[in-house]
Amino acid sequence: MAEKMVVTDGAILRTLVAKEVGEALRSRWFLGSALGFGALALLIALLGLAGSGRLGLAGFGRTSAGLVNLVMLITPLMGLVSGATALAGEWERGTLALWLTQPLSRAQFFLGKTLGLGLALAGALLAGLGLTGVLLALGGSAGGGGFLALLGFTLLLGEASLAIGLMLSTFARRSGMAVGVALLVWLGMVLLGDLGLMGSALIAQMPPPLFLGVALLNPLQDFRLGAVLALGSHLEVLGPVGLYAGDHLGGAMPFLTAGLLALWIVVPLAIAYWHLARSDAG
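The numbering used here numbers the first residue of the sequence shown as -19 and each following residue consecutively.
Please note: incorrect hints may appear among the correct ones.
[Said to hold, decoys possible] Label pairs and their calculated CB-CB ranges:
hint, residue 1, residue 2, range
1, 151, 26, 38 to 48 Å
2, 246, 26, 34 to 44 Å
3, 45, 81, 44 to 54 Å
Don't read these hints as lab results, they were simulated from the structure. Just so you know, even glycine gets a beta-carbon here, dropped at the ideal spot from N, CA and C.
Build the full structure now, drawing on both the sequences and the hints.
Take a look at the structure:
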């Protein structure tokens, strides 16, 4: 009997994961952003290949810089909005209570939601950058290890953004409010880049260690520092933050930033589940 219940629970969990993937693929916004991301990545690769004959290795350097900036702009937006609408939408439609009448715990429900959305987002990012990588490889312009590292950091940033969106979704029970907050978070992450950090550092007269610490609190900066170094570029190109990080952390930087991005996945998901477990389903 217990074995039958486990099978039933597993079947419902698989159904929930498949439902989330299917809804993402039917979402015009998700499909549009995924297709736009892939198209822009391919365009950057084509432009890089066009210039590689004249610029050589510098051509790939410009291509990788363009891809890093594209990922920083589009990937967190996809993750934040997808996560923000997930649980808020269930509350708004009243389907959360219906799901929880099944032989399914809140932990299983949350796990199914997270896995389904995470798989859909990872698939979209892998498709976009994967095709770009194939194109660059065929053109003889891709650094294999560096490009795989960029792909890995992109997935970490996407899943971290999704986790933050899910956390926001548990506190805002209306999709419109959740999306609005997610857009504000995305804007804040983008604005707190080099220019925002430099302005804050000048005003507050931050010492370099504090300057780097504040930068590492932003998942976009974690991605940027890790990806740029993994691609073989010097961190000095990232300005004061990169210069200080390169001098004091060096080769440990990709591992540190990858670990910080992993924390940006685990901590928001833990907060999201904690709040969901203590909330009523109505």
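Now for the hints, and whether the structure bears them out:
1. 151 x 26: 38 to 48 Å: Between residue 151 and residue 26, where Cβ atoms are some 42 Å apart, the hint holds.
2. 246 x 26: 34 to 44 Å: holds, 37 Å
3. 45 x 81: 44 to 54 Å: Because 51 Å falls inside the window, the suggested range holds.
Comparing the model with each earlier hint shows no violations; every hint is respected.
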